[in-house]
Amino acid sequence: MKVSTRGRYGLRALVDIASQEQGKSVKLKSIAERQSISENYLEQLIAVLKGAGLVKSIRGAFGGYSLNCDPKEVSVRSILELLEGSLYPVECLSNEEKLACGVGSCQNCVTKPVWEKMYKSVNDVLDGITLNDLVNDYVEQYNRGET
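Residue numbers for the sequence shown, in this note's numbering: 413 to 559.
No lab work stands behind these hints, which were simulated from the structure alone.
The structure presented is a predicted model; accordingly, all values stated were derived computationally and were not measured.
For each residue, glycine too, the CB sits at the ideal point set by N, CA and C.
A portion of the hints provided could be inaccurate.
Calculated cross-link-like contacts (lysine to any residue; reagent style SDA-like; alpha-carbon spacing at most 20 angstroms) [said to hold, decoys possible]:
no., residue 1, residue 2
1, Lys524, Leu499
2, Lys529, Glu493
3, Lys532, Cys481
4, Lys462, Ser431
5, Lys468, Glu485
6, Lys484, Leu538
7, Lys462, Val502
8, Lys436, Gly476
9, Lys524, Asp536
10, Lys462, Leu494
11, Lys484, Glu433
12, Lys484, Lys439
13, Lys529, Val415
14, Lys484, Gln432
15, Lys439, Gly476
16, Lys439, Gly465
17, Lys532, Lys468
18, Lys462, Pro501
19, Lys462, Val526
20, Lys414, Asn544
21, Lys441, Glu455
22, Lys439, Tyr453
23, Lys441, Gly476
24, Lys532, Val547
25, Lys468, Val547
26, Lys414, Val502
27, Lys529, Glu503
28, Lys414, Pro501
29, Lys462, Thr542
30, Lys462, Glu433
31, Lys462, Gln447
32, Lys468, Ala444
33, Lys436, Lys524
Label-pair restraints from in silico Cβ distances [to be verified]:
no., residue 1, residue 2, range
34, Gly557, Ser442, 29 to 37 angstroms
35, Glu433, Pro525, 42 to 50 angstroms
36, Val551, Asn520, 46 to 54 angstroms
37, Phe474, Ile541, 28 to 36 angstroms
With the hints as constraints, model all of the structure from the sequences given.
Laid out in structure tokens, this is it:
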């Protein structure tokens, strides 16, 4: 499994927004500058995050984007699935893609247990990390002058 720039940048943008004081909005331009992400690309990512209800937009001179969810309730897995789609390492694990590998019977596939264990391990890690965990790490790094 490889996480694309869409997943990496979207997660970074969401952490940036969530790290702002509660209720305070942040402008797209400032997120783009802090995170070294193109504003145009960031607009696309924010639209997805907004559509899922994770962020909200605020209009006006002091407008921008703010968090619209409880960061303790949002796992990294849910964010990556939103931005990336399926996190299956191989398509044959997906219920929609039966026999995607071209083998007559997935039940007799000698490698399928490897992919299932890999998928479970990755999901266990990603489910165990919340947006709040990342925000705390980000703020700590900022306070140490590392960001």
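These are the hints, each one checked on the structure:
{"no.": "1", "hint": "Lys524 <-> Leu499", "in the structure": "holds (15 angstroms)"}
{"no.": "2", "hint": "Lys529 <-> Glu493", "in the structure": "holds (18 angstroms)"}
{"no.": "3", "hint": "Lys532 <-> Cys481", "in the structure": "violated (26 angstroms)"}
{"no.": "4", "hint": "Lys462 <-> Ser431", "in the structure": "holds (17 angstroms)"}
{"no.": "5", "hint": "Lys468 <-> Glu485", "in the structure": "holds (17 angstroms)"}
{"no.": "6", "hint": "Lys484 <-> Leu538", "in the structure": "holds (13 angstroms)"}
{"no.": "7", "hint": "Lys462 <-> Val502", "in the structure": "violated (29 angstroms)"}
{"no.": "8", "hint": "Lys436 <-> Gly476", "in the structure": "holds (9 angstroms)"}
{"no.": "9", "hint": "Lys524 <-> Asp536", "in the structure": "holds (18 angstroms)"}
{"no.": "10", "hint": "Lys462 <-> Leu494", "in the structure": "holds (11 angstroms)"}
{"no.": "11", "hint": "Lys484 <-> Glu433", "in the structure": "holds (15 angstroms)"}
{"no.": "12", "hint": "Lys484 <-> Lys439", "in the structure": "violated (23 angstroms)"}
{"no.": "13", "hint": "Lys529 <-> Val415", "in the structure": "holds (18 angstroms)"}
{"no.": "14", "hint": "Lys484 <-> Gln432", "in the structure": "holds (15 angstroms)"}
{"no.": "15", "hint": "Lys439 <-> Gly476", "in the structure": "holds (4 angstroms)"}
{"no.": "16", "hint": "Lys439 <-> Gly465", "in the structure": "holds (18 angstroms)"}
{"no.": "17", "hint": "Lys532 <-> Lys468", "in the structure": "violated (32 angstroms)"}
{"no.": "18", "hint": "Lys462 <-> Pro501", "in the structure": "violated (27 angstroms)"}
{"no.": "19", "hint": "Lys462 <-> Val526", "in the structure": "violated (36 angstroms)"}
{"no.": "20", "hint": "Lys414 <-> Asn544", "in the structure": "violated (23 angstroms)"}
{"no.": "21", "hint": "Lys441 <-> Glu455", "in the structure": "holds (10 angstroms)"}
{"no.": "22", "hint": "Lys439 <-> Tyr453", "in the structure": "holds (14 angstroms)"}
{"no.": "23", "hint": "Lys441 <-> Gly476", "in the structure": "holds (9 angstroms)"}
{"no.": "24", "hint": "Lys532 <-> Val547", "in the structure": "violated (25 angstroms)"}
{"no.": "25", "hint": "Lys468 <-> Val547", "in the structure": "holds (18 angstroms)"}
{"no.": "26", "hint": "Lys414 <-> Val502", "in the structure": "holds (12 angstroms)"}
{"no.": "27", "hint": "Lys529 <-> Glu503", "in the structure": "holds (14 angstroms)"}
{"no.": "28", "hint": "Lys414 <-> Pro501", "in the structure": "holds (9 angstroms)"}
{"no.": "29", "hint": "Lys462 <-> Thr542", "in the structure": "holds (18 angstroms)"}
{"no.": "30", "hint": "Lys462 <-> Glu433", "in the structure": "holds (19 angstroms)"}
{"no.": "31", "hint": "Lys462 <-> Gln447", "in the structure": "holds (18 angstroms)"}
{"no.": "32", "hint": "Lys468 <-> Ala444", "in the structure": "holds (17 angstroms)"}
{"no.": "33", "hint": "Lys436 <-> Lys524", "in the structure": "violated (47 angstroms)"}
{"no.": "34", "hint": "Gly557 <-> Ser442: 29 to 37 angstroms", "in the structure": "violated (18 angstroms)"}
{"no.": "35", "hint": "Glu433 <-> Pro525: 42 to 50 angstroms", "in the structure": "holds (47 angstroms)"}
{"no.": "36", "hint": "Val551 <-> Asn520: 46 to 54 angstroms", "in the structure": "holds (50 angstroms)"}
{"no.": "37", "hint": "Phe474 <-> Ile541: 28 to 36 angstroms", "in the structure": "holds (32 angstroms)"}
This entry does not satisfy hints 3, 7, 12, 17, 18, 19, 20, 24, 33, 34, going by the numbered hints stated previously.
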